[in-house]
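Participant: Residues per chain are reported as follows:
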Amino acid sequence: MAFPLSDVMAPPPASPAAVPTTVKIVVAGGFAVGKTTFIGSISDIEPLSTEAAMTEHSVGVDDAGGVTDRKTTTTVAMDFGRIALPGDLWLYLFGTPGQDRFHFMWDDLVTGAVGAVVLVDTGRLEDCFPAVDYFEARQIPFVLAVNCFDGVARHAIEDVREALAVRPETPVFYTDARSRAATKQALITLVTLAMARIEG
Amino acid sequence: MTTTEPDRPDPELPETRSVRPYTMTGGRTRPRRAYLPIEALVRRVGTGPTDGLDGQLAASVSPERRGILDLTTDAILSVAEISAYLALPLGVVRVLVGDLADCGRVVVHAGRPPSQQTPAENFKVLESVLDGISAL
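Protein sequences, first through last, are from chains A and B. Each residue of the first sequence is one higher than the one before, counting from 176 in our numbering. Each residue of the second sequence is one higher than the one before, counting from 32 in our numbering.
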């Protein structure tokens, strides 16, 4: 998506010398689980969309019936938002596609991240497995936020926890991706977890 | 540069491009500097219209690099925001920003790599983040 330059509304820093410190949190989960809604509920800016390019080796059959073997460049969309916090802190929230085949871009993304909020749709629980596996394997702090699409919790949290077989210390809770207050609480839970990890 | 996008029902499905994006970077997929995260903040050094660059300099500044200089003249922006506003892939912007920083045309504020930060420093930043979010 292209933006006219006049739409660039990034505020200049308070003073030329004050460069904000940036921190980031990853928002992961399956397709259409509400990642962009979650980010938009608390972001200062309308969520922006960017793309990561990847080169894929593809083997296929061309129009003439011959086998083709070529490389194509494909892109994956990623939405993100930004929240300015006191003390010249900018918190970025990056929404990542959850599928296994996009893990190549996660390594770059999670370097230096506070941790991750994994959004869960109980109707498609398996969609969040790749994210859970990824963060557990790398010991990255993460929380599981069960998105209640219509404000109704269909499954008991303990059932979700059992189905996902996450470690007892991993927070699992309900959220509403549309609600600023709920999103705020989800982020607080994650940051608290990350701090507890440091304190050991 | 990009192909016209028809309605894409699933924005997370990969899209195939007609132009290989890394032609803009001379085929490089990584910036020369080791640590350039996508949340690194970028600001242009100096002012003045970038299309007024003359001679050799103008020839060396591609439209994409010029776009980055224009965006960061009056604002400090992350690599991710530059990528979104210029509709260029993240990896391409990282390489181009790295180049511009190497030749002194932008300053990159990336902080130190996580491996070089002490737990105490990390904890302090997290404390500020927690206080900040709680006060929202």
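Bear in mind the hints are in silico, worked out from the structure with no lab data behind them. Please read these numbers as outputs of a predicted model, since none were measured by experiment. Treat the hints with caution; some may be incorrect.
[As the list claims (entries may be wrong)] Using C-beta positions, here's what the derived DEER-type ranges look like:
1. A:Ala338 - B:Asp133: 39 to 45 Å
2. A:Arg329 - B:Pro145: 23 to 29 Å
3. A:Asp282 - B:Cys134: 24 to 30 Å
4. A:Glu344 - B:Arg61: 32 to 38 Å
5. A:Gln314 - B:Asp133: 30 to 36 Å
6. A:Glu221 - B:Ala65: 19 to 25 Å
7. B:Ser93 - A:Ala371: 17 to 23 Å
8. B:Ala151 - A:Arg329: 24 to 30 Å
[To be verified] One-sided and incomplete, this derived list gives chain B residues near chain A with beta-carbon spacing under 8 Å:
9. Pro68
10. Val92
11. Glu95
12. Val156
13. Ser159
14. Val160
Ideal placement from N, C-alpha and C gives every residue a C-beta, glycine not left out.
Participant: Compare the structure with each hint and give your call.
Facilitator: Quick rundown of the hints versus the structure:
Between Ala338 (chain A) and Asp133 (chain B) the CB atoms are about 50 Å apart, so this pair departs from the stated range of 39 to 45 Å. Checking the proposed 23 to 29 Å range against Arg329 (chain A) and Pro145 (chain B) shows it is violated: the Cβ atoms sit about 38 Å from each other. At about 28 Å, the beta-carbon gap between Asp282 (chain A) and Cys134 (chain B) stays in the expected band of 24 to 30 Å. Hint check: Glu344 (chain A) to Arg61 (chain B), Cβ distance near 36 Å, so the stated range 32 to 38 Å holds.
The given range of 30 to 36 Å is respected by Gln314 (chain A) and Asp133 (chain B), whose C-beta atoms sit roughly 34 Å from each other. Distance hint check for Glu221 (chain A) and Ala65 (chain B): the Cβ-Cβ separation is about 33 Å, which falls outside the suggested range of 19 to 25 Å. For Ser93 (chain B) paired with Ala371 (chain A), a C-beta distance near 47 Å fails the hint of 17 to 23 Å. Take Ala151 (chain B) and Arg329 (chain A): their Cβ atoms lie about 43 Å apart, and the range 24 to 30 Å is violated.
For Pro68 (chain B), the shortest C-beta to C-beta distance to chain A is roughly 6 Å, which falls under 8 Å, so the interface hint holds. For the restraint placing Val92 (chain B) at the interface with chain A, the shortest Cβ-Cβ distance is roughly 17 Å, beyond the 8 Å limit, so the hint is violated. With a cut of 8 Å, the hint placing Glu95 (chain B) at the interface with chain A is violated, because the nearest CB-to-CB distance is about 13 Å. At a threshold of 8 Å, the smallest CB-CB gap from Val156 (chain B) to chain A is about 6 Å, leaving the interface hint in force.
Of the supplied interface hints, the one on Ser159 (chain B) holds, with its beta-carbon coming within about 5 Å of a beta-carbon of chain A, less than 8 Å. A distance limit of 8 Å between C-beta atoms decides the matter here; for Val160 (chain B) the minimum to chain A is near 5 Å, and the interface restraint holds.
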